[in-house]
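**Student:** Here are the chains, one letter per residue:
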Amino acid sequence: MLALAGYLVYLDHTVRQQFEGRRFALPARVYARPLELFVGKRLEPDQLVAELKMLRYSATDDPGKPGQYGRKADTLSIHVRDFVYWDGAQPARRITVKIRQGVVTALVDYQTGKNIDLTRLEPVPIGGIYPAHNEDRVLVRLDQVPNSVVDALIAIEDHNFYRHWGIDPRGIARAVYTVLTGQRVHGGSTLTQQLVKNFFLTPERTITRKFNEILMALLLELHYDKKDILETYINEVYLGQDGNRAIHGFGLASRFYFNRGIEQLELHQSALLVGMLKGPTYLDPRRHPERAKERRNLVLAEMQRQGLITQMEKDAVRYRGLDISDNPGVGASAHPAFLELVHRQLRRDYFESDLRSEGLQIFTTMDPVAQAAAERSLSRRLDQIERARRLPPNLLEGAVVVASALNNEVHAIVGGRRPRFEGFNRAIDAERHVGSLMKPAVYLTALSKPDRYSLVTPLDDSKLVWKEAGTDDWSPENYDKEFHGQVPLRLALANSYNVSTARLGLELGVDEVIETAHLLGIERDMAPFASTLLGTVNLTPLEVAQMYHTMATGGFHMRLGAIREVLTADGKPLQRYPLKVEQTIGAAPAYLITAALQDVVREGTARRLSQYLPPGINAAGKTGTTDELRDSWFAGYTGDRVAVVWVGNDENKNTRLTGSSGAMTVWGDMMAQLSPEPLVPPQPENVERVRIDVATGLRADEDCANSIDLPFIQGSAPEKSAPCATPSSGNKIKGWFRRTFGND
Amino acid sequence: MFRQSIYRAVFVMVASAMLASCATTPLEESPVSGNPAVIALADTARSEITRYRYPEAAASLERALRIEPRNARLWHELARVRLAQEDYSQAENLAKRSNSYAADDNALRRANWKVISECRRELGDLLGAEDALKKSKP
Chain U
1 MLALAGYLVY LDHTVRQQFE GRRFALPARV YARPLELFVG KRLEPDQLVA
51 ELKMLRYSAT DDPGKPGQYG RKADTLSIHV RDFVYWDGAQ PARRITVKIR
101 QGVVTALVDY QTGKNIDLTR LEPVPIGGIY PAHNEDRVLV RLDQVPNSVV
151 DALIAIEDHN FYRHWGIDPR GIARAVYTVL TGQRVHGGST LTQQLVKNFF
201 LTPERTITRK FNEILMALLL ELHYDKKDIL ETYINEVYLG QDGNRAIHGF
251 GLASRFYFNR GIEQLELHQS ALLVGMLKGP TYLDPRRHPE RAKERRNLVL
301 AEMQRQGLIT QMEKDAVRYR GLDISDNPGV GASAHPAFLE LVHRQLRRDY
351 FESDLRSEGL QIFTTMDPVA QAAAERSLSR RLDQIERARR LPPNLLEGAV
401 VVASALNNEV HAIVGGRRPR FEGFNRAIDA ERHVGSLMKP AVYLTALSKP
451 DRYSLVTPLD DSKLVWKEAG TDDWSPENYD KEFHGQVPLR LALANSYNVS
501 TARLGLELGV DEVIETAHLL GIERDMAPFA STLLGTVNLT PLEVAQMYHT
551 MATGGFHMRL GAIREVLTAD GKPLQRYPLK VEQTIGAAPA YLITAALQDV
601 VREGTARRLS QYLPPGINAA GKTGTTDELR DSWFAGYTGD RVAVVWVGND
651 ENKNTRLTGS SGAMTVWGDM MAQLSPEPLV PPQPENVERV RIDVATGLRA
701 DEDCANSIDL PFIQGSAPEK SAPCATPSSG NKIKGWFRRT FGND
Chain S
1 MFRQSIYRAV FVMVASAMLA SCATTPLEES PVSGNPAVIA LADTARSEIT
51 RYRYPEAAAS LERALRIEPR NARLWHELAR VRLAQEDYSQ AENLAKRSNS
101 YAADDNALRR ANWKVISECR RELGDLLGAE DALKKSKP
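Chains as they are written, first to last, in the working numbering: chain U, 1 to 744; chain S, 1 to 138.
Hints in this document: simulated from the structure, not taken from any laboratory.
Backbone N, C-alpha and C define an ideal beta-carbon position, used for all residues, glycine too.
It cannot be assumed that every hint is accurate.
[To be verified] Pair ranges (Cβ atoms, derived): (1) S:P31 with U:D228: 55 to 65 Å; (2) U:R347 with S:K134: 44 to 54 Å; (3) S:P31 with U:P289: 57 to 67 Å; (4) U:Q714 with S:P55: 32 to 42 Å; (5) U:E523 with S:R51: 30 to 40 Å.
[What the hints assert, rightly or not] Which chain U residues face chain S? A few, computed with CB under 10 Å, are given here: (6) D82; (7) W86; (8) L118; (9) R348; (10) T532; (11) L579; (12) P681; (13) P682.
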């Protein structure tokens with residue numbers, strides 16, 4: 001007896017402690033960037049509609065409710081939902097957006113008719129960081145829950161709910177009988193018992209457990225009123241599966257199945273959800289609509305039988321369809337690779353348990369348009385390449401990183417050709433030789449010494465044998481197996497000559513080149529071997545993106561990041577990830593390396609990029625191919641984005657692809673979808689442009705047939721004029737001044 | 001409209017007066033941008049500064065910079081926020097970033113060099129500060 005009393009006290013403690021102490025574990029919710037709207041923004045009407053569809057806005061002629069929009073040609077009327085941002089709440093309002101020739105030309109508040117300076121659409125949810133068992137839920141208060149849900153629930157699951165003390169003696173008697181007769185225990189549970197079961201107990205079915213369940217249900221009823229118990233039940237129950245994500249509670253279920261808040265559930269929808277409790281998988285309305293409908297109508301009939309609805313009410317809805325929304329979720333996230341980067345960044349600042357339970361709201365930098373384009377291009381191009389080259393299907397894998405070229409924000413991450421698949425994330429985990437992608441570090445080191453090097457300095461591309469104590473002689477070869485004699489520096493890079501690059505790097509010193517790579521943002525150690533100059537260094541696509549990003553920004557290192565802000569579950573600002581910049585490379589050499597990388601695209605190994613991008617974009621980039629065609633790389637940037645593509649094989653097999661025949665085509669296909677801005681870097685003060693004769697690399701004038709305009713750090717341009725140029729007296733005098741006084 | 005621009009002018013004056021204590025010359029009071037969205041965000045930033053709400057001011061300026069990433073004035077304003085927060089390393093680098101986009105806006109360049117000079121002095125780089133100070137003079 002004493003033991004029983006002691007046990008009761010223990011159970012009582014457990015029940016109270018857990019029921020009060022246990023708040024539901026809420027996943028961190030992760031959002032893409034919100035779409036900013038203002039006059040002057042570049043935006044196509046179709047893009048705006050695509051964004052609205054991702055946000056599950058519904059099209060209608062008169063968007064009277066938040067979450068609706070209407071379109072007449074290039075004018076959209078959008079009833080924007082309310083949303084709490086880092087800088088405060090933005091209430092719901094109806095706006096009119098006019099777009100002409102790809103630019104927003106008017107933005108007006110529908111109610112007041114006044115112009116709006118700036119507003120935004122709420123951000124697209126891109127996934128969650130889930131508690132144990134991937135439980136997902138959206139908490140609701142009982143006063144938000146429509147009567148139809150509560151009525152149906154009580155009618156079907158526990159019609160004595162408001163009268164019993166937590167257990168139903170008749171149900172229990174039935175259960176005891178079935179056990180005594182050797183059958184398995186089932187049924188006979190009140191809502192309170194079901195809650196206890198889900199909350200405190202393991203799923204096995206034994207007499208002891210049933211006994212505990214009864215005691216705990218009684219204790220629960222003793223301490224808490226029916227409302228608390230009902231509310232908790234409504235938030236707790238399991239209502240289906242979305243891939244690896246478990247749908248819990250009516251709040252999330254109404255969004256998942258009907259794309260609406262629980263307040264807006266109609267009678268037939270409430271009945272469907274309550275009916276599903278019996279077996280959410282068996283009765284899944286998307287997979288088994290007939291079964292689900294039959295069960296729903298059974299619920300409606302029972303409600304009518306118990307007098308909760310009238311015959312008319314029942315008949316009004318029993319022939320209605322299920323009204324299930326199309327495009328359900330896609331598991332934990334449609335973009336697991338991006339989410340993983342977010343998660344890793346968060347782990348530096350938060351406990352894993354908090355991420356999985358506190359309901360944090362994470363605002364990321366993902367651009368859904370770029371993400372979609374990157375996913376599409378990688379999958380599409382790899383399929384096409386395999387077919388066109390008769391490669392074994394699925395030989396190729398790939399990864400893409402896209403970031404802003406103007407701040408530190410990562411726009412897209414694709415970890416493999418099946419982007420929904422949560423597996424090896426090649427964008428952030430695949431460490432591969434980078435080959436020629438390392439070359440810009442060599443040339444940048446040289447261009448930082450304007451007294452010795454400029455874009456036209458002749459480099460020696462004849463046979464090289466490098467002897468180093470302790471290693472074999474090293475004798476790099478060019479891709480075409482030939483030597484090219486004296487080559488101007490910019491063309492050695494444009495054509496990706498290995499021999500002249502290696503000789504240049506050795507002249508500069510391998511350590512210096514590695515130091516430049518560090519200044520560009522490569523954090524890991526690199527072996528000071530000569531072959532490092534030609535990229536026998538393992539880097540991930542994300543690290544390569546960081547390196548090229550620093551060139552794209554004109555020498556300002558900004559650590560790439562995927563998060564803008566973190567808010568608590570109730571919308572209070574918790575943390576911001578501010579933009580940090582550090583100028584690690586001089587503005588002038590950074591400007592020159594970009595010019596050289598533009599030459600790679602204009603006339604070098606990446607010239608076939610013109611099949612994808614108009615020449616006016618003036619993109620900068622570099623191809624990379626590793627030994628035995630194991631890796632195909634392309635890294636480059638436009639005026640507004642940096643992107644890196646890797647294509648290869650997980651087992652390091654020969655892919656029969658070079659950088660330009662593989663990765664570059666993915667890059668071009670993707671960028672073409674993103675209406676890139678032309679690359680026009682601001683010219684630093686100490687850079688001048690000089691006309692150069694292509695044949696000799698000397699100063700040209702209008703008499704020279706084949707000449708180009710090239711940037712030079714002041715004082716580093718050739719002084720001599722080419723034979724084709726007529727040396728005017730003015731030029732002579734200028735040349736004399738330059739020689740005498742320098743140019744600074 | 002008129003009242004709004006008076007408010008705006010007052011904000012600018014207060015903000016400049018505050019930042020003047022950080023040894024920067026107030027720029028000529030030309031609008032920060034031709035884009036109303038950017039102007040609104042820059043105004044918000046200034047009013048946050050008057051309330052010493054620097055992270056909020058920075059957030060507003062970063063949002064403006066996402067709209068006009070090549071706006072040298074916005075980079076300068078962000079540099080001044082970091083200076084006010086005594087984050088000298090960031091302030092110096094942001095001022096350099098502003099200079100990279102300043103083109104022929106000499107008044108802005110001088111203001112940036114003044115920020116850089118101040119930062120270098122605080123960081124103990126006296127020669128560098130002197131050099132920057134020279135560049136901040138017309």
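**Student:** Output the numbers, in ascending order, of every earlier hint that fails for this structure.
**Tutor:** 6, 9 and 10
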